[in-house]
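K.L.:
Go by the hints and put chains B, C, D, E and F with the ligands onto chain A.
Below, each chain spelled out in residue letters.
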Amino acid sequence: MSVTTLAEHKRNDIADKWGFVVHPSRIHRSVYTDGDIFKREMVNIFGSAWVFVGHESEIPNANDFITRRFGGRPVILTRDSTGEIHVLFNRCAHKGAKVCRADRGSTKMFVCPYHAWSYNLSGRSVSVPLRDAYRHHRSSRRYNLLQVPRVTSYRGFIFGTLNSEAPEIEAYLAGVRSPFDDWIDRYDGGAIVVTGTPRYRIAANWKFVTDNQGDGYHPAYSHLSLLSMTSQRYGADRDMSYFGGNVDESRMFVKCFDNGHFYVDQRPEMFADSAWAAQRPQPGREHYEAELQSRYGEQEAKRLLELAVGAGMNLNIFPNLLLIGNQIQLVDPIAVDKTDVWWFATSVADLPDEINTLRMRTQEDFPMFGEVDDVENFEACQEGLGIKEDEWVDCSRHLNSPTEVQEQDGIRALVTSDLTMRTFYREWQRLMRSEVRIDLSNQRQGKNG
Amino acid sequence: MSVTTLAEHKRNDIADKWGFVVHPSRIHRSVYTDGDIFKREMVNIFGSAWVFVGHESEIPNANDFITRRFGGRPVILTRDSTGEIHVLFNRCAHKGAKVCRADRGSTKMFVCPYHAWSYNLSGRSVSVPLRDAYRHHRSSRRYNLLQVPRVTSYRGFIFGTLNSEAPEIEAYLAGVRSPFDDWIDRYDGGAIVVTGTPRYRIAANWKFVTDNQGDGYHPAYSHLSLLSMTSQRYGADRDMSYFGGNVDESRMFVKCFDNGHFYVDQRPEMFADSAWAAQRPQPGREHYEAELQSRYGEQEAKRLLELAVGAGMNLNIFPNLLLIGNQIQLVDPIAVDKTDVWWFATSVADLPDEINTLRMRTQEDFPMFGEVDDVENFEACQEGLGIKEDEWVDCSRHLNSPTEVQEQDGIRALVTSDLTMRTFYREWQRLMRSEVRIDLSNQRQGKNG
Amino acid sequence: MSVTTLAEHKRNDIADKWGFVVHPSRIHRSVYTDGDIFKREMVNIFGSAWVFVGHESEIPNANDFITRRFGGRPVILTRDSTGEIHVLFNRCAHKGAKVCRADRGSTKMFVCPYHAWSYNLSGRSVSVPLRDAYRHHRSSRRYNLLQVPRVTSYRGFIFGTLNSEAPEIEAYLAGVRSPFDDWIDRYDGGAIVVTGTPRYRIAANWKFVTDNQGDGYHPAYSHLSLLSMTSQRYGADRDMSYFGGNVDESRMFVKCFDNGHFYVDQRPEMFADSAWAAQRPQPGREHYEAELQSRYGEQEAKRLLELAVGAGMNLNIFPNLLLIGNQIQLVDPIAVDKTDVWWFATSVADLPDEINTLRMRTQEDFPMFGEVDDVENFEACQEGLGIKEDEWVDCSRHLNSPTEVQEQDGIRALVTSDLTMRTFYREWQRLMRSEVRIDLSNQRQGKNG
Amino acid sequence: MSASASKKRHLLGEHPGPSTYVDDALYDRLLKISAQWSEAGLAVPASQAATVTALLNQECRLLDGGRFEEWLNLFVEHCIYWIPSDVVPQDPRREITWELQDRRRLEDRVARIRTGHAFSQIPPTRTRHCLSNIEIWAVGADELRVRTNLTIHTYRKGKQQTLPCMGGYVLQRQAEDDWLIELKQINLIDADQAQGNISFFL
Amino acid sequence: MSASASKKRHLLGEHPGPSTYVDDALYDRLLKISAQWSEAGLAVPASQAATVTALLNQECRLLDGGRFEEWLNLFVEHCIYWIPSDVVPQDPRREITWELQDRRRLEDRVARIRTGHAFSQIPPTRTRHCLSNIEIWAVGADELRVRTNLTIHTYRKGKQQTLPCMGGYVLQRQAEDDWLIELKQINLIDADQAQGNISFFL
Amino acid sequence: MSASASKKRHLLGEHPGPSTYVDDALYDRLLKISAQWSEAGLAVPASQAATVTALLNQECRLLDGGRFEEWLNLFVEHCIYWIPSDVVPQDPRREITWELQDRRRLEDRVARIRTGHAFSQIPPTRTRHCLSNIEIWAVGADELRVRTNLTIHTYRKGKQQTLPCMGGYVLQRQAEDDWLIELKQINLIDADQAQGNISFFL
Ligand code: FES
Ligand code: FES
Ligand code: FES
Ligand SMILES: [Fe+3]
Ligand SMILES: [Fe+3]
Ligand SMILES: [Fe+3]
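Residue numbers (this note's numbering), protein chains in the order written: chain A, 1 to 449; chain B, 1 to 449; chain C, 1 to 449; chain D, 1 to 202; chain E, 1 to 202; chain F, 1 to 202.
Bound-form chain A, shown alone:
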């Protein structure tokens, strides 16, 4: 009844709604503001793609668990007594109570607080009090928790999918696998350890976060306060100053892959000279720098210190995993205009304590000095897109540009190109168009193996 505009009117009449709202050069506002589209995303995107759930180092030992959301569904990420990882629905098989009420912990089993049905960390029923009264249930699997049927760890990153036909994770990652490996392999085999997962709640659609991840156009403007303050206090040519001027002439670039993945590579600028030297100073910088130099000598200290700054890559692994600097981001949609963004901080096993201490302080820099302004802009977009008469979000920057280079595993483009968004929404469109039916009923049939 509340159709306002010609375009919206048209949309209601057309057969290919998804073709309409995602256009090669623009995205319709409803993609960010329509509650029904959001509900479908929770099924068609988060019920179909490989969804990032957490990192193995968060549940290092057998019997460890943490709770998360999986496209809005409350889940428990567990490592069972054999070390196997599961993503269990936090929902009792009896009358539906959440069985786990803690954010994290370690336990042999979850005992539902209502009638004490209990489950081990594989989701298997351990006991049902006075079970005789349920003789009519033919399968003992009736008493299990449902779980995400396919869960995999790609080098420590745990993904799950509700889609039984999803490709293997390696195939799914496609071309982004290579920069993903680069990010992981930065430390000569030193293992990444998550050291804190602060979360920000933002009053904006989740895709503003992913759009921004591939947006090499915004830093000079959205982060102007950071750049100005830095140059005022620390002089020119410091961290991120390379985003000024005509950044398309810089050595940075974006690269886009199949399945909606992409990344931005800042390394050619950031590590051109010393990234450590260019870094805004962390608390304790000079002390620990001196400490390392005296312990390891000038050259090794220099090498190590380069590992205390960010990785210089922004990866987007469709739909909800981002890698930014040294941090892992999990994008966690709550409502069409409400999103939690988890920032996993990382340390690296085997690196000197001093480096990990500096890494902590480095990783506190950008969230407070930079991200806050982006978030303000995401929320401002959410408000602005409330206006029905101005319908389109532009994603046409460098559209069909001759500067795009088709490489073997993906397309390389100028750093400010919206090709990243176009890549993301092509996959989004494909999934939204499909008809997804999730059927987990087989988990409650047959015998516990």
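If you are wondering where the hints come from, they were derived from the structure by calculation, not from laboratory data.
Each hint should be verified, as a subset may be incorrect.
Computed beta-carbon distance windows for the label pairs [claimed, not checked]:
id: 1; chain 1: C; residue 1: 294; chain 2: F; residue 2: 158; range: 44 to 52 Å
id: 2; chain 1: E; residue 1: 157; chain 2: B; residue 2: 185; range: 41 to 49 Å
id: 3; chain 1: A; residue 1: 140; chain 2: B; residue 2: 402; range: 20 to 28 Å
Note that the structure is predicted; figures quoted are calculated from it, not measured.
The beta-carbon is built from N, C-alpha and C at its ideal position, and this holds for glycine as well.
P.N.:
Positioned in the frame of chain A, the structure of chains B, C, D, E and F with the ligands alone reads:
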């Protein structure tokens, strides 16, 4: 658009939606989570059944009133100047303002604060300022408040219905009338007086409260803290300890009736020996016990003290009246996931003050030591049922059990049987299936009698 | 699914929904409570009529701006560098961020904080960083802000419309133009200056405010506390006492015009003798009165003091501009049950400071002593209308009364007549019935002129 | 408790006399005082601080108890109650306020509530006036300034709200250790934003 | 810190003895005290005020830290913890309360939480008990009354709430400068309205 | 007001020198201090308490007034501002915090806001920092600890929020009765939960 699951998909296609969501052995999650179903309940259940509104002792005198909700509708429960009881819609006949802004009080009339149309406590118009300007209204009943057309008091319990074809209350109560009478008649004619109506707001669907009322399976688990603490501090065999072990072997039972009513009888265990002796101690217990013994002698004191503990029955009178211990519960749905539960405390006229004082302290025990944990579980169910892929709430306990006994007025079953839920939802299903049209227009036609 | 009543049932079946909900003698409750109707109002009423946005004195100088809502849309009311007034959509042409984050100010341009697209106060693009990447956009107007296409100032009052076929403002005002002019011309050419815009948020539909504006029936009752206190403390025959008794026999009247406008004239009573003398005393009254008398002499002081009290008119200029006393009200709908009411206080250029000081204190009287009770009643109506079974809001007072006088420019009626409401809803119905399509796409085509 | 306050001087409902003290000098004084809340002066001695704090605690307690006539008795005859409508308070001669009341109109406000028909206060807004960050300093011999964070928690019609304010008080000496309130200024944290029902005393 | 409090007198889990002090005289006393919170008596000297404030700060700190056994040690043996269910507290013999606990049942409450199965407190309600408007006066030589605005901020399961209360304390002298709590009375601003999970200690 | 604070020592925008005081010894000290907030020591004398309270009131007032440069002057040169990201603060060397700033980075934070382009603070978050339950004790001759309940009420973009915190301060003596802040530690009630825009100073 947001259909997720095979079952949901099917539901949209099938003719008998209500047959689908209420199955003899299970209830579909949407019954607890779907806002549209909730809206229909306010009409088909709360607009059709006999709804509990309050107790006569809350409005003991002519001109007394209290405000309540009636399936979400703001109403005023009044005793008019002749002593007759009414349930008036709190909605001015002029432009719709709530005419009564107080929670309770005593008055000869309600004067609407907007244009001073006034009404007596029968809902009849008293005056309309400058009424000449309304000559075109043919009936003087045009100026009356609308009211619940049928209101009755069953032995002090006030019920109303919007359904002109509802049976008389006695017929409606069917088999539950007998235990209801037992509950009322416990005091040899001593009248029950409501002494306070604390209310709890819970973030869960209202039916979790009624489901729980007939659930003899949960006490040993949901109330584990209460049972553990009691046995730790006061030894074994105290109040409710009979819910431990295989409670189906206890002397307790449930009994289910027509029209959705049922009750749980704990008396065979609770009053096997002295319920007073087994009771967790109230503040002032020993003092008042001594007092009574010295005043009335050992034996009469013993008899009296047994009246200071709960009644040992959990009654459910469909849809929203519960009797639990000595307390009356009014279940007051606000939204699909928000409910107020009113706990009416009771005293008994003619009992010694000491007993009534002890009753107050007894009635403060379970809400704070037990109910709080149930409520936590209701809210945990509401959250868990948010997961679309796990669709069913089990109510199959002791399904078709040979232990069920068809008695003259109802079916008796084991105390942990879900027959109580099955009884409730059979009636719920019948009402939801029907087409209900509420037409009160005749109240505004003809002459004020 | 949740249809309750015969009337609602009927409404779903009938072709002319708008004919059903707006009846000559009554308005259906859904007009105040239905979220879908509200959404349609934002398009069909606020997207079609001339909407009041603000007053010229709020943006006195070139480059001044303030932000407002326009039927829910965030807009910026600007005076550009040439002095021309615009109502710009606060929504970046790039990815949709709000470009202006301040409530008011003065600036040469708005620079969007996300990617620094900038706009002058006419909404025209000033610059797009690295614009080369958008060569495919054929029109440079692509980079402009959208704006309300027709904006006009009627003697300082700024109106805008999204409707390209709306009549000129003078024709739109129709008969209300004359009392509107009276209100403006009260000061012998002294210009009205807005001196503060306090806002009240009320939990009620916006139309309760406009209904009330034409309601000469309510003052004796809704404002009883004000009238009682005044007569207790200051004696009879003070301000507004003429609303007592049979007010229809007073000299006051209402007058209703085409296009939904109307006004209530209290002047025949209020200014019968001295309105200043009858006024409840303001802080500083006696001091400034004496001051004026000594400076200007008795008679001129008397004349001036009459300008320190209200204008004695309640104007309603459809849909959202009200004039009440000396104040301008902007009715600003936020949700179906949430409204902001802006109260613009006014001073008058060229009047002595003492008069303007007294005016400030006068204008603080009614909001705190009277309006608060009306608002309470609006909110009570919103709650009362939640009851589905009592469906109609009466607007039949003096329906078809022979006392109505058709005058040249409108119909004059008794002061308590609901003709005002009937006038408003006739226009409301006309607009809601129509099919409105707002198309601003031409603003982004062609050349910036 | 203030000794002066305990002498009841006003019966509401009497015909109030003229109000002549609200003049340009007073407005100028209000503006000056308002600009000075950002700096606290030298703290008064502990014993005086205790007296003043007791007075303010009493003020809060009387408001929370709905004892408005007694509350009025804590104010000097020529008192002002001021709630600016802007974050940086402007000259009330040139900009409207939420409230700028002299004694007479404060009494009007109380009298209105006492009629029994003040619907915006039926039921009344329940309040809890909480004082923190109390800074007290003297200005001359007979005047004290008190700057507080005044947090008002309210409940009405099922809705609870918190109103964070700067509460500024000017006290006038009545006798040796006896003070009354000349000015109560309340700066709402969102003074320039839409307000709900603020028809109670802040 | 209270000297008496530091002597631990109770181990929860022991079989508690009979409770005989809750009698009609006590109920009468509670009603009388409750009616007296509207007026503060003469403020105690500053040094005593400091002692008392320290005790109450400790009380809040122990509650916020979940140290309920230590918290109980701040109460005299014959103590009462009272949360009326009406805005004007009624006689608890004739009207139910949210809580009216003697020491034994307070210990029951703590013991319940310590079982590890008190699901309404898994996870626990996080609290921040904030005191303001503290008024302290003596009643006789060995009893103090303390009237406060007690604002309790809570967090649990993603929901933050503020509970504005009148917190009334009666203290009993244990030694020269050593006091313990006899009564803690909490008047919720919305005592007569629906409450959520209040299964923690207010 | 602190005498030391009134000497302005820093002009933001100058090239800040190296920061060498954040070392393992400091981290160890932070952890130790953090663990000690659960117990208050012996209260300082009333006159000292008044001095300290005045300093903290000033701190709150400067923050609420957006006077961040003056606010920085209340801190010693080698200061720390710490907002842990867990309810029980962990070692900041091994777990990320919401903020752990030395003086240089605090100045960076202020300088960023002063650029006029810090969009997360355009418009600025309005704050009201409210202190209650203030407990002050000495650790040696020249160090004070102050434990408070710090309740921060905020307003921004139409949204009001309350942030209940434990506010812990360590003060260092500058002269006889003159103290400055070495550490300000803020424990949010929901430190481990999702936060909104906390880009202002808590
Ligand atoms: S709901 Fe989990 S055991 Fe019953
Ligand atoms: S709305 Fe009740 S009298 Fe007008
Ligand atoms: S959204 Fe405004 S410049 Fe990009
Ligand atoms: Fe960014
Ligand atoms: Fe139970
Ligand atoms: Fe009015």
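K.L.:
Now, for every hint given, state plainly whether the structure supports it.
P.N.:
These are the hints, each one checked on the structure:
| no. | hint | verdict |
| --- | --- | --- |
| 1 | C/294 with F/158: 44 to 52 Å | holds (48 Å) |
| 2 | E/157 with B/185: 41 to 49 Å | holds (43 Å) |
| 3 | A/140 with B/402: 20 to 28 Å | holds (23 Å) |
Figure legend: structure checked against the earlier numbered hints; every hint is met.
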